[in-house]
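**Student:** Each chain, letter by letter, is given below.
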Amino acid sequence: MPSWQDFQPFIVSGLALGGVYALSGVGTVVLYQATGVLYLAFGAVGAMGALIAWSLTNAGAPDWVAWLVCVAFGGVVTLGYGMLFGPPLARRGPLVKAVATLGLTLVLFGVMDLLWTANGGQSRAITLPTDNGGFMVGQVQVTWTQVIGLGAGVALVVVTGAFLRYTKLGTAMRAMANDREITATLGVPVRRVEAAAWLGCGVIAGVAGLLLADLVALDATTLTFLVISSLAAALIARLRSVTLTFVAAIAIGLVHDLVTPIQSLSNYRDMTPFVLAAVALLVLSRHRVISLSPEEG
Amino acid sequence: MRLYRRALEPRATVALAAAIGLGVLAGCSSNTPSAGTSPSPTAAASTGAATVRTSQCGIKPGVKATGTPIPLGGIVTNQPGTSFTDIANMANAYFTCVNDNGGINGHPIKYYIESEQTNPGQIGAEAKQLVQTDHVVGIVGNTSIIECSIDHSYWQKLGFFVVDSGIAPECWSTPNSAAVNMGPRYSSDGAVQYALAQHVSKVVFDQSNVPGTGYIAAGPAALAAAAHTPIVQLTENVPITDANSVAIKEVDDAGPNGAVVLNFTPPEALVILQAAQKLGLENRVKLWGCSTPCNTDFLAKALGPKWNHKLFVNAELTPALTGSPAMNLYQAILAQYGKAVSGGIGSFSQMGFVEAQILVHALHTVHGAYTVASVNAAIKAVKNFNTGMLCQPWTYGNYPMHIPNNEDYTTTPDNGHMVLAQGCTQISSVDPQIAAYRKVAG
Amino acid sequence: MLDTASSAAAARQHPPLRRPGPRILVRAAVIAALLLFVLLALPQLLSLYYIDTMTQVAVYCVVALGLGVLVGRVGLVSLGQAAVLAIGAWVAARLLFATTQPYPLVLLEAGLVTMAAGTLIGLPALRLRGLYLALITLMLAGAITVVLATTNFPNGGHGFLGYNGAAVHIPAIRRPSIAASDPAYFRYSVVVAALMFLLVFAHIRTRPGRAWAAIRQSEPAALAAGINTTLYKLWAFALASFVTGVAGGVLAGAVHYLYSIDFPAQDSITLLAVVLMGGAYSLWGAIVAALLLELLPALLNNWGVSADWLTILFGLGVLQVLTTAPAGLADQVPKDLARLGRLLRRLPAGRRERPAPPGQGPAQEPAGGPR
Numbered sequence: 042m043p044s045w046q047d048f049q050p051f052i053v054s055g056l057a058l059g060g061v062y063a064l065s066g067v068g069t070v071v072l073y074q075a076t077g078v079l080y081l082a083f084g085a086v087g088a089m090g091a092l093i094a095w096s097l098t099n100a101g102a103p104d105w106v107a108w109l110v111c112v113a114f115g116g117v118v119t120l121g122y123g124m125l126f127g128p129p130l131a132r133r134g135p136l137v138k139a140v141a142t143l144g145l146t147l148v149l150f151g152v153m154d155l156l157w158t159a160n161g162g163q164s165r166a167i168t169l170p171t172d173n174g175g176f177m178v179g180q181v182q183v184t185w186t187q188v189i190g191l192g193a194g195v196a197l198v199v200v201t202g203a204f205l206r207y208t209k210l211g212t213a214m215r216a217m218a219n220d221r222e223i224t225a226t227l228g229v230p231v232r233r234v235e236a237a238a239w240l241g242c243g244v245i246a247g248v249a250g251l252l253l254a255d256l257v258a259l260d261a262t263t264l265t266f267l268v269i270s271s272l273a274a275a276l277i278a279r280l281r282s283v284t285l286t287f288v289a290a291i292a293i294g295l296v297h298d299l300v301t302p303i304q305s306l307s308n309y310r311d312m313t314p315f316v317l318a319a320v321a322l323l324v325l326s327r328h329r330v331i332s333l334s335p336e337e338g
Numbered sequence: 030m031r032l033y034r035r036a037l038e039p040r041a042t043v044a045l046a047a048a049i050g051l052g053v054l055a056g057c058s059s060n061t062p063s064a065g066t067s068p069s070p071t072a073a074a075s076t077g078a079a080t081v082r083t084s085q086c087g088i089k090p091g092v093k094a095t096g097t098p099i100p101l102g103g104i105v106t107n108q109p110g111t112s113f114t115d116i117a118n119m120a121n122a123y124f125t126c127v128n129d130n131g132g133i134n135g136h137p138i139k140y141y142i143e144s145e146q147t148n149p150g151q152i153g154a155e156a157k158q159l160v161q162t163d164h165v166v167g168i169v170g171n172t173s174i175i176e177c178s179i180d181h182s183y184w185q186k187l188g189f190f191v192v193d194s195g196i197a198p199e200c201w202s203t204p205n206s207a208a209v210n211m212g213p214r215y216s217s218d219g220a221v222q223y224a225l226a227q228h229v230s231k232v233v234f235d236q237s238n239v240p241g242t243g244y245i246a247a248g249p250a251a252l253a254a255a256a257h258t259p260i261v262q263l264t265e266n267v268p269i270t271d272a273n274s275v276a277i278k279e280v281d282d283a284g285p286n287g288a289v290v291l292n293f294t295p296p297e298a299l300v301i302l303q304a305a306q307k308l309g310l311e312n313r314v315k316l317w318g319c320s321t322p323c324n325t326d327f328l329a330k331a332l333g334p335k336w337n338h339k340l341f342v343n344a345e346l347t348p349a350l351t352g353s354p355a356m357n358l359y360q361a362i363l364a365q366y367g368k369a370v371s372g373g374i375g376s377f378s379q380m381g382f383v384e385a386q387i388l389v390h391a392l393h394t395v396h397g398a399y400t401v402a403s404v405n406a407a408i409k410a411v412k413n414f415n416t417g418m419l420c421q422p423w424t425y426g427n428y429p430m431h432i433p434n435n436e437d438y439t440t441t442p443d444n445g446h447m448v449l450a451q452g453c454t455q456i457s458s459v460d461p462q463i464a465a466y467r468k469v470a471g
Numbered sequence: 313m314l315d316t317a318s319s320a321a322a323a324r325q326h327p328p329l330r331r332p333g334p335r336i337l338v339r340a341a342v343i344a345a346l347l348l349f350v351l352l353a354l355p356q357l358l359s360l361y362y363i364d365t366m367t368q369v370a371v372y373c374v375v376a377l378g379l380g381v382l383v384g385r386v387g388l389v390s391l392g393q394a395a396v397l398a399i400g401a402w403v404a405a406r407l408l409f410a411t412t413q414p415y416p417l418v419l420l421e422a423g424l425v426t427m428a429a430g431t432l433i434g435l436p437a438l439r440l441r442g443l444y445l446a447l448i449t450l451m452l453a454g455a456i457t458v459v460l461a462t463t464n465f466p467n468g469g470h471g472f473l474g475y476n477g478a479a480v481h482i483p484a485i486r487r488p489s490i491a492a493s494d495p496a497y498f499r500y501s502v503v504v505a506a507l508m509f510l511l512v513f514a515h516i517r518t519r520p521g522r523a524w525a526a527i528r529q530s531e532p533a534a535l536a537a538g539i540n541t542t543l544y545k546l547w548a549f550a551l552a553s554f555v556t557g558v559a560g561g562v563l564a565g566a567v568h569y570l571y572s573i574d575f576p577a578q579d580s581i582t583l584l585a586v587v588l589m590g591g592a593y594s595l596w597g598a599i600v601a602a603l604l605l606e607l608l609p610a611l612l613n614n615w616g617v618s619a620d621w622l623t624i625l626f627g628l629g630v631l632q633v634l635t636t637a638p639a640g641l642a643d644q645v646p647k648d649l650a651r652l653g654r655l656l657r658r659l660p661a662g663r664r665e666r667p668a669p670p671g672q673g674p675a676q677e678p679a680g681g682p683r
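Protein chains in written order, with this note's numbering: chain U, 42 to 338; chain P, 30 to 471; chain W, 313 to 683.
The hints are simulated quantities; they were obtained by calculation from the structure and are not laboratory data.
By construction, the Cβ of each residue, glycine as well, lies at the ideal position given by its N, Cα and C atoms.
Covered stretches of chain P, as calculated for chain W (at least 3 residues, CB under 8 Å):
hint, segment
1, 149-156
2, 169-183
3, 198-207
Using the sequences and the hints given, assemble the complete structure.
**Tutor:** Put into structure tokens, the structure is as follows:
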């Protein structure tokens with residue numbers, strides 16, 4: 042059994058990983074609360090935005106332009122999807138809406154591989170200026186980007202939580218996510234609120250994409266399917282609580298990394314998100330049935 | 030993913046599990062060829078010089094071949110995250126050049142390229158397609174994570190002697206495949222050998238969890254055992270989402286006087302090394318090593334000056350910056366015929382060039398009809414062929430196993446470029462497979 | 313299907329109970345003729361490349377069938393079927409290397425073990441619904457994928473796992489002695505697939521099928537009617553896992569070599585996509601799904617079209633299916649063809665008739681179209 046000294050650096054890296062999962066997980070849950078759609082294309086949209094930013098930087102554009110385009114791309118694509126496929130699917134259950142976003146994921150994934158092929162064994166990377174500075178915690182260094190990643194997760198939790206609860210627009214969004222038709226009859230400008238929700242969520246996906254591309258890797262496959270692992274955190278929170286998602290994500294990251302020095306378990310540590318989610322859901326559901334909507338029984 | 034490929038996928042996902050043993054020596058970071066190195070293929074700007082240059086590939090300069098085509102085939106992996114099409118495309122460029130300059134005794138070469146997404150059923154089917162539908166007489170340019178494993182008995186049954194850029198163990202351990210590269214095991218051997226020569230007290234060998242990890246690990250294990258140095262064997266699932274823990278684990282296991290040797294594709298190796306740097310760990314071990322995939326200027330540039338002379342990479346092919354006739358021809362053909370080679374100058378296209386060279390050399394020795402029997406007999410008979418791109422002359426030979434490329438360079442990053450750290454060095458016979466090959470090949 | 317509203321509509325168009333009649337016999341004859349054609353004539357007509365491809369189609373037909381039972385008949389979306397297929401292939405490979413049992417026995421055993429595993433995966437179904445169920449099956453599939461990445465597939469080694477990591481020569485997984493060649497193995501796989509279809513068909517026509525239809529329509533109502541929903545839901549998982557396990561065994565023999573990188577968790581997503589596109593409710597839909605998944609890429613490969621276009625196509629297909637044609641291609645195409653037929657028949661006479669009602673919704677169409 043490794044000593045406490047051995048575990049120490051993994052706590053730092055575990056928090057960093059937790060921050061990554063939190064960014065992705067919280068973003069997805071926030072979108073769910075605002076639009077009623079579990080936006081599984083969150084990772085793909087962010088990845089494509091990051092790749093576009095990479096191409097722009099490579100072509101000589103200034104960094105801030107590239108980042109702006111990445112965020113704008115996230116917003117535009119998500120808004121477009123929401124406007125096109127939101128209304129026809131509005132009356133269907135959350136499962137159908139989530140599966141529909143899987144369709145968008147596939148489309149984006151195919152486009153990404155067509156446009157940014159894995160030719161010649163080269164690799165792409167996004168570097169943010171905050172990569173170079175940092176501070177020491179114990180024996181390892183923490184970069185500012187990691188701090189920003191974690192901070193972005195916290196900010197997302199706090200800001201969107203407050204927004205959804207205390208502002209008129211936020212309340213309208215939550216109402217719409219709950220039941221679109223009744224909200225419409227109450228005189229809420231449904232299309233506009235919907236558009237605002239999708240646009241906001243898209244912007245979050247773009248920002249998260251940029252950060253994740255720096256923190257994890259600029260690779261379409263990795264970033265697109267990172268959402269599966271971060272779903273674990275969202276599932277533990279039963280898609281209801283943004284705060285719980287954040288906490289769960291940090292916990293998953295910590296456990297994943299703390300298992301690393303344990304020889305017998307180390308190879309299986311990538312299972313951590315899945316196992317934790319499955320266990321949590323099974324424990325939570327042992328006395329009653331859990332469903333998301335009346336339609337699902 | 031089974032979306033050919035695989036969309037989605039670690040396999041596609043995962044499908045990033047790619048091949049090691051291939052490296053990119055890139056002067057180009059994205060798509061621009063030859064970042065400022067001299068014998069510039071853009072002497073093709075004056076078409077006269079270029080035509081003369083490229084026409085060296087054929088025996089009748091300027092004469093287009095118009096006879097019955099000689100069909101050849103190749104199978105390469107092409108899926109999200111892993112694409113070896115550059116190798117086949119470069120071979121095709123070479124063949125096109127030959128066709129424009131006399132062909133093979135007046136016959137043009139027709140090269141069928143099949144791309145696969147690491148699906149065993151698909152790979153088996155494509156082999157049969159090449160043989161039964163396209164009627165190819167020779168197989169060249171295969172570069173696939175698993176093709177050698179899947180098709181080797183088929184090639185053996187039909188009498189095809191394949192010239193490939195291998196990855197799977199069977200590319201070196203069967204009679205019907207000879208590779209121009211060293212592959213993950215022997216390239217890792219080279220990297221570990223260099224580390225051991227620097228008298229490190231411990232070696233940590235970390236590789237991506239792709240088919241064949243045990244086979245690959247056996248080489249470094251043997252080398253470390255012979256040097257009485259403890260070795261820790263690690264594997265990581267790719268694609269790596271948490272490079273931090275990987276870097277910390279490697280450094281912890283190696284200790285201050287140890288070496289960490291990586292065997293990953295360039296993107297994954299980059300992610301690990303960058304994580305080590307961001308965590309401030311790059312100086313916590315005596316040296317870092319990497320198998321051939323790390324041999325790329327792009328990696329050197331991305332890593333930055335902190336890694337100067339700290340990372341030592343095994344290089345299977347001669348650096349593309351040397352101005353030998355073969356290099357000049359390679360760059361000229363790339364410039365004129367290599368539009369489909371998206372990676373530009375680098376190990377991938379170099380390998381494609383070498384494989385095509387070997388095939389053309391073999392085809393020229395065929396008298397009479399170009400059949401499966403005659404062509405493959407000629408391929409098998411290739412002996413001591415000087416490719417101009419490898420440390421040693423290349424031989425196929427009639428052996429039960431083939432490791433014709435078993436001498437390598439070591440390079441190291443230096444301010445954005447990979448420079449030579451050690452010249453051609455033989456891979457040690459301590460690796461039992463290398464010893465076995467040297468015994469049969471003499 | 314994915315939700316009770318559209319599945320109720322689909323169910324009304326395809327009443328589960330029907331008395332046998334001349335239409336049924338005609339249909340049976342057509343299916344038999346098609347089967348004979350596929351078994352006897354197809355191997356002669358196709359090149360080995362396409363025969364190998366069609367063997368994969370046969371395998372994935374059965375996998376799509378299993379998922380169709382879950383999604384279309386009972387309304388349970390499982391995103392874990394790729395992992396279930398991997399388990400079936402693993403068990404079959406282990407048995408084929410370790411024993412000399414006859415092939416059908418190995419397939420049966422693979423099916424049974426996978427059935428047990430799949431039912432375990434289905435246990436959460438008792439307590440979770442809809443999106444949660446889909447996501448937890450995805451989580452379980454992800455976990456199994458990671459385990460497989462470490463344990464790998466058997467390759468002739470010893471021990472429980474049967475994996476020899478240092479193997480320089482990996483032995484091929486054997487095939488049945490009567491079906492060693494590719495065309496023969498194709499026939500073998502078609503026969504096995506047909507048996508699996510028969511098994512599922514038998515389920516659908518008898519009590520389980522009726523119970524599933526009731527559960528899909530309204531689970532509380534089914535409970536009130538005295539149907540043991542727990543049992544029948546687990547039965548659905550068991551059936552789907554069994555056929556998928558058998559398909560895994562056939563896959564092992566088809567490809568000869570198995571690698572864990574071939575069964576990523578994302579495959580389940582693609583599988584769901586094609587099952588939706590083909591039609592989760594109809595048995596023909598499973599065949600369409602397999603053709604989309606295996607034949608289309610092979611064709612595109614031959615035509616030099618990048619496989620990425622297929623990914624995009626599947627994504628668009630999912631979107632289209634969910635927004636406009638919930639019952640999938642297998643249901644939509646015959647309807648469109650029927651509509652086209654009616655249109656053509658009207659033209660020469662030039663009669664002014666009332667246009668036929670649209671294909672969706674509680675239709676008054678004659679109970680037509682293949683099931």
